[in-house]
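Undergrad: So the protein sequences, as listed, match chains C and X.
Quick note, the first sequence lines up with residues 145 to 525 if you use my numbering.
Quick note, the second sequence lines up with residues 5 to 250 if you use my numbering.
Keep in mind the hints are simulated off the structure, nothing from the lab.
Here the structure is a predicted model, which is why all the values come from computation and not from measurement.
Mixed in with the good hints, there may be bad ones.
[Unchecked claim] Lysine to any residue pairs mimicking SDA-like chemistry, simulated, CA-CA at most 20 Å apart: (1) X:Lys137 - C:Lys416; (2) C:Lys416 - X:Asp241; (3) X:Lys129 - C:Arg329; (4) X:Lys137 - C:Lys259; (5) C:Lys259 - C:Asp339; (6) C:Lys416 - X:Trp235; (7) X:Lys137 - C:Asp339; (8) C:Lys416 - X:Lys129.
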Amino acid sequence: MLDTMELTAIPPEDEALREPIRAFLAEQLKSMSTERKARSWMGFDADFSKALAAKGWVGITLPKEYGGGGRSHFARFVLVEELLAAGAPVAGHWVSERQSAPLLLKFGNEQQRRKIVPEVCRGEAFFCIGMSEPDSGSDLASVRTRADLTPEGWRVNGSKIWTTHGRRAHYMIALVRTSGTPEDRNKGLSQLLIDMRTPGVTARPIRDVSGDEHFSEVHFDNALLPADALIGQEGQGWAQVNAELAFERSGPERIYSCMALIDAWLDFIRAKGPTDAEAELAGRLLANVSALRNLSLAVTARLARGESPVNEASVVKELGTTWEQSIPGMITDHLASVEVPVPGELLAALQYAAAMSPSYSLRGGTREILRGIIARGMGLR
Amino acid sequence: MSDDLILEQFVRLLDTLPVAAPWPALEESGFLDLLRSEDDGGAGLNLEDFFPLVLAAGARPQINGVVQTMVARLKNPDTTAAADIEAALGGNNARAVAAAITAGLMAGAMEQILATTVEYASTRKQFGREISKFQAIQHNLAIMAEEVTAARMAAQAAFVGSPREVSPQRAAAAKLRAGQAAEIVAAHAHAIHGAIGMTQEFHLHHLTGALHQWRLVHGGESYWARELGRWALARPDGLVTLARAL
Chain C
145 MLDTMELTAI PPEDEALREP IRAFLAEQLK SMSTERKARS WMGFDADFSK
195 ALAAKGWVGI TLPKEYGGGG RSHFARFVLV EELLAAGAPV AGHWVSERQS
245 APLLLKFGNE QQRRKIVPEV CRGEAFFCIG MSEPDSGSDL ASVRTRADLT
295 PEGWRVNGSK IWTTHGRRAH YMIALVRTSG TPEDRNKGLS QLLIDMRTPG
345 VTARPIRDVS GDEHFSEVHF DNALLPADAL IGQEGQGWAQ VNAELAFERS
395 GPERIYSCMA LIDAWLDFIR AKGPTDAEAE LAGRLLANVS ALRNLSLAVT
445 ARLARGESPV NEASVVKELG TTWEQSIPGM ITDHLASVEV PVPGELLAAL
495 QYAAAMSPSY SLRGGTREIL RGIIARGMGL R
Chain X
5 MSDDLILEQF VRLLDTLPVA APWPALEESG FLDLLRSEDD GGAGLNLEDF
55 FPLVLAAGAR PQINGVVQTM VARLKNPDTT AAADIEAALG GNNARAVAAA
105 ITAGLMAGAM EQILATTVEY ASTRKQFGRE ISKFQAIQHN LAIMAEEVTA
155 ARMAAQAAFV GSPREVSPQR AAAAKLRAGQ AAEIVAAHAH AIHGAIGMTQ
205 EFHLHHLTGA LHQWRLVHGG ESYWARELGR WALARPDGLV TLARAL
């Protein structure tokens, strides 16, 4: 069965981070529209990421000797909570500090760690994720992108897709086939560190349903990488990518995608004066986010103890995304019947969330994949 | 006595009580005074330590009223077989206390319903294999586990401090979340059990029946949502700050 998740409080030294972070965000984001805040997860702003890094808040859990903050996972929880509650544009440094730098620290060679992890912590190196391909989505072991070791280095050919900010990232950690064929499944896979400026690497934008271009398709046409671009062991890519996914899925960020919308709606209700039905909807939103927050904290406590609570994190992500996906519908139902004019910014945030919410249960592993992980954790498969 | 030992002895007591006439043995056990202060001959148990006992009682609904009586004795030490905490306690916060305790009982019942359903799905065979091997069943069990987890956490968050001083906002969130989960957990449990779950003889209905009874008392989801929402809307804060302030 799954491990029980126990109520956990944030230690006072980590809670103490909240006020300075809030003050910083209030200053940085003071002129930002609700519509842009609604994009928080997808919002890319290199200057913001650099300013955050200058405060020591990018790579806050990474070791000090590699430029990180050396703080606990509770400190990161407070940081992430405040960033997403404020609608901060986190996409620049998001992937690199959450999963790429931790992966390099775990499996990379000392040169990769010494050079790149400090760049991540300074907000100077942004990463994209090189997992999905045109023919490999949930079935990640079927990747076809191929890298062959030649006397000059690794020759890479193939494509990755749905690569968030692939055109703006400096590096990609790519899962590629280094031996055998796609029929060999998870055998013969390796992870490579790819400098996105390498000749033969091109990223083409893909426009999403909201009109934004954070997605991209990345092509490798005989791209030549140095031999030391290999991360970890050749042929160990499958185990390594699963460790990377554990970093990706275990964070507390899977419950705060719609905060700009909810907060704009709460302000609208306060201004017009709440009816019973509106108070009820506000209460349902609060009760659910409160339970999810406490569950996220329970996962954080496990991370802080050095564990990798993949099953429990999957439970929280699945619950969190299911709840988040219900929010645009509930608010639509309410606003459709309201008798006073609805602010344009609230409607814009709603429209964005309604369009993007299906992605909440796609990114980081689909609902169906996560339910499979939970079922395995329960001993059913 | 350590907390684990209290729980162990409480569970053993519940599991060996005569269902038809449990109260003499309960009186004799001393457990009914556990929440009363040490000055009054109790153990002065706080809500954090009470929570596992409430879960255990919720998982054993055949003997109802044990934890309700423990809470009612905070007001009247002669209480026995109390069913209605709210009426027994009276006063301002009685409904919140009753809602929090009931949410704990519901979480305990739902944990047991999940365990029972996993066990049944892992032994019942159809089409030549255990039904737990079918992906549709696995996903519904995963959904049950998620809901039980959320309900348990919401209840646990209300079990903080002294029993009389339950936070009305946390009690609201607990009863609301437990009620929301009850609908889903009971429905999937019965669907997975099939016809056997509809029989008097099979134990599932004791659990789902108690769950429905507990959902029915001390304020439902809409009531508590309104209470919580009024509290939230009277403050200027965003949702995350409100969640931290609960």
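Undergrad: Provide an ascending list of the numbers of those earlier hints which the structure does not satisfy.
TA: 1, 3, 4, 7, 8
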